[in-house]
Amino acid sequence: MSDASVDPRFRRKPPRRPLRLSWSDERVRGIVYQVVVVALIGSVIYWLWSNTVHNLEVRRIATGFGFLQREAGLPIAEHLIPYDPTDTYLRALTVGVLNTLKVAVVGIVLATILGTIIGIARLSKNFLVSKIAAFYVEVIRDLPLLLQLLFWYTIMQGLPGPRQALNPVEGVFLSNRGLKLPWIIWEGAHTAALLACIAGIVLTWLYARQARAKQMADGQPRKIWPLAIALVIGLPILTWQAMGGPWDVDWPALRGFNFQGGTNMSPEFAALLIGLVTYTAGFIAEVVRAGILSVNSGQWEAAQALGLRHGSVLRLIVMPQALRVIIPPLTSNYLNLTKNSSLAVAIGYQDIVSIANTTLNQTGQAIEGIAIIMAVYLTISLSISLFMNWYNARIALVER
Amino acid sequence: MRPGPAGQGANGRDAVTATRRLNFLRLAGATAITAVLSLPALAQQPAAPSGTTIDAIRARGTLICGVNTGLAGFAQPDSQGVWRGFDADYCRAVAIALFNDASKVRFVPTTAQNRFTALQSGEVDMLSRNTTWTLSRDTSLGFDFTGINFYDGQGFMVKRSLGVNAARDLNGATICVQPGTTTEQNLTDWSRANNIRFQPVVIERLEEVVAAYVAGRCDAYTTDVSGLAATRSAQPRPADHVILPDVISKEPLGPLVRHGDQRFADLVRWVHFGLIGAEEFGITAANVEEATRTDARPEVQRMLGRNGDLGQMLGVDPAWMARIIRGLGNYGEIYARNLEPIGIPRGRNALWTTAGGLQYAPPFR
Amino acid sequence: MSDVTLNAATANPEATPRSAPLTAVGPIAWARTNLFAGWLSTAVTLVCGYLIIRAVMGFVDWAFINAIWSVPVNANGVAQTQACRDLAGSGACWAVVTEKHRFMLFGTYPYEQHWRPALVCILFVALYIVSALKRFWNWTLIPIWAGTLTAIGVLMWGGVLGLPYVPQERWGGLPITLILATFGLAFAFPLSILVALGRRSNLPAIKVLCVLYVELIRGVPLISLLFMASVMFPLFLPEGMNIDKLLRAQIAIILFAGAYLAEVVRAGLQSLPKGQYEAADAMGLSYWQKTGFIILPQALRTVIPPLVNTFIGFFKDTSLVLIIGIFDLLTAGKTAIVEPAWQGFGIEVYVFVGLIYLVFCFAMSKYSAGLETDLNKHRRR
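Heads up: the protein sequence lines correspond to chains A, B and C, in order. Here the first sequence stands for residues 1 to 400, where the numbers follow the numbering used here. Here the second sequence stands for residues 1 to 365, where the numbers follow the numbering used here. Here the third sequence stands for residues 1 to 381, where the numbers follow the numbering used here.
The shape of chain A in the complex, shown without the other chains (with noise of 0.2 Å):
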């Protein structure tokens, strides 16, 4: 209950009573019943901790994190950095921390498109669209995701050998050994030319802000576009060709087993984020349904009176207002999908969950392994959280 609505009168704190050592005193039992409570689990807690302590002295586990700077000796088939076996555990748990927020990321991205895709087509007109989105919602979220993430396993081993790869188009080529796409030999110039981009978009963002500030005050709208195209795609251009403008395309080809050269999407990855984004973009769905239709029908039928179009109403009206009631059940799924992606230790896509394990049994300590495992899934889900919130601040109800 905001502040805001209680009578200013009542504001005022009741006098305060002295504390009388009696059980009929609220305050007093609350105090007993949180010494209680706090020395009950203090002690729980303390004796576990011995028991671990003496347990771990008499099996002669070691224990530490000096693990971390020893040669890890595991092989990793995906890595964002560069890595070796011959490199230490840190870096491996590394390797694996960032493996999870790639597919936590791209997940997220997807999952949120498609589902408000199928959530939208929930609501359609057309029977046919409309059943079948639902028919997707409801057996997709009855299944377990585990079940699904093996199914989409086997499905994407069922691709064609490297030998008989499906090759569409000129240096794509797909095969159950992922798919193979053409990559431009990264040099400097590119990476100025992607700062270039980040702060082309932080500048137009900057220039909107104040652009709609201006319009607040003397109610004129201002183009943003023709600058938003400048700084967003021209400077970064620009940059590139003031570096040279390097052109060197790294075509995937067959040579020995594999395809060499390219970038490449392995079937793991593509298989766990297939199975992530349908199954949480089923869940999404329903949370974007159940946002527009949470608006009242009303502001449909006035925007419509207004001369809106179908796609403006949506967009204008009933969106803005639908998010209000979307934001904090979405935030969730996308917290869900997150630690959902730790089930890929089933289907073989490296992440920390799987590399922890690999060292929890290589050194034998379990307890750092785990720890380092909960660290990092906490670190992930309060920044997703701080930052929906942040989000979902942003765009509450500003009542007055």
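Calculated from the structure, these hints are not laboratory results. Because the structure is a prediction, the values reported are computed rather than measured. Cβ coordinates follow ideal geometry from the N, Cα and C atoms, glycine included. Where hints are given, some of them may not hold.
Stated by the list, open to error - In silico contact screen, one side only, chain A against chain B (beta carbon under 10 Å); selected entries:
#1 Gln-69
#2 Gly-73
#3 Thr-86
#4 Pro-160
#5 Gly-161
#6 Pro-162
#7 Arg-177
#8 Leu-179
#9 Gln-260
#10 Val-345
#11 Gln-362
#12 Ala-371
Using the hints provided, position chains B and C relative to the given structure of chain A.
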């Protein structure tokens, strides 16, 4: 919102009942708190009797044996849910020695991750599953390996159509491997020693890793040669797959027990040697009855309990070995029953005395 | 859509009643408004219809027409699966389900005692149905649950009433899935109520503890909790004392479920108008009287649909015990195809296992959706 039935009750009836109920609740709460507080005290009493492992097993009435979660030929439940396989039979042999009853054993499926904790914490009495004897496991994990009942080594399997004849031809190949075991480290050690680059596909569960290899996701599949042979023979056309001659590691597998209880370790060790010895002497499930009565060889008489007190030294019945053989057969029979049908030849696990293999039992005297 | 209602509203009330034209009512009208409303809608309908027919025909071919339902088993108990292999994927090999269904459903439970887990599954279903009936939504549900769960324990363990004792390691299949999910709910629910109340409490220490518990558990994946239960938990206990693997997984699931349910219950508590709290205070009820007689009975009713949805989540999540080697339904299904003769028939097994999950989850989600509409009736306009 209509109030629930309980809400109506509270409005309608006098507050006395409510207060009384609450007093009861408080009492119950206090009891619960006392119970929780005394829990540590209760739990301090060890659940298992603090004597030796054998005493604990006897008191419990069953042996608890850790096995694989499902590995064809070694430990795997059949259609009726009964555990079958080489490792499972070793558990049964120990159970017969202790109880004269092959059914007095509980099988606990353990994964590569939780097998060691399960043994350390006393959740299982022994591990009879594919665990490689290494120095660190023997010492720093606090275990005793009681012998080697299966000599294995890591190898590679490829499809015949690939035209690969030796492991060194695998440079640049994609290789399927299971994580979390010595297999993964052996593979990287080997690739570094031989300067071979490979692309790993690391999949945890056996079924999936085999499926990935069969589907062509990988060019080669690496694991223990026994596992390769089992996988190969399970394929619709085994001849399409080749197990490369290179063996890149030593994998001596055997049952293991907790360090510090020599009596139980001795028992498990001599159950294994007894099974080997029986094969050496040609004693099988079919002829053990007759051999117990008529065999004139002194060592056989001691082993089968007609003479001497070997059983007593181990703390079991004199006829322990005779019963094990009657129930399960000797080492060769157990091997032939479980491993040969799935395509694992005797190889190095043949007897040293007759076939020049590595299996060899110390004398029974 | 709105046009139709508009016409109806402005129709002249004095006109003689006549039947609507054929193009405005009946199946043709329905098809015109719902399937062929415009060129875009028509195109979408045709494409979707074609895809549906193709998919259904393909599935029927695979699952029924070309399928093999059983194969001979030779004297050694090894199935002759050559016929299935010859299909090469053009048809389903349901023989694997015929041969292995009892293992998949009941795991390593003694074969001749399978009627016990079967009865347990029926008891569980009965328990769900009883709990779903509004007539039982009062305190009588507690003894019903306690009684049924005890009966289930007796049936599974045995050791009394002439039933042979069956240790936990031998349990498996569907009963494990149901046990983990249902016992998880039964114990997590009271825990979650306490935590939800604690989180809204004005005692700072208790509030902080509850917030910490909920946020910590909700921030990590269930897998890590299961690993903890499987690998770390034995280290927490004194030497010589150990807790069965199933029980450890069950504890992990209870702790996990408790945190999620607590948030559901808290939402219910927050949805109550403040007047209810104030009125209870004004009547001089103590905290526990207020909570037990006024707040919870109302709050819990509103959270039943989300509660069922959370339960569906746990029901599916129990499949993760696969990773720590407990033979639940999915693990049993996967272990069934370890045997060389049956390797490579994963799809059939997944379809069978998936169907079981689908039946349970679909029934529950339909129920929850129905309930939601029911409870929201007063909010419709």
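Comparing the hints with the structure gives:
1. Gln-69: Not OK, violated: A/Gln-69 not within 10 Å of chain B, min 17 Å.
2. Gly-73: holds, 5 Å
3. Thr-86: holds, 7 Å
4. Pro-160: Because about 8 Å separates A/Pro-160 from the closest Cβ in chain B, which is inside the 10 Å limit, the hint holds.
5. Gly-161: For A/Gly-161, the interface hint holds, since the closest Cβ of chain B sits about 4 Å away, which is under 10 Å.
6. Pro-162: With a closest approach of 8 Å, the A/Pro-162 hint holds.
7. Arg-177: holds, 7 Å
8. Leu-179: violated, 14 Å
9. Gln-260: At about 8 Å, which falls below the 10 Å cut-off, the nearest Cβ of chain B leaves the hint on A/Gln-260 intact, so it holds.
10. Val-345: Constraint on A/Val-345 satisfied, holds at 6 Å.
11. Gln-362: Check passed: Cβ of A/Gln-362 comes within 7 Å of chain B, closer than 10 Å.
12. Ala-371: violated, 15 Å
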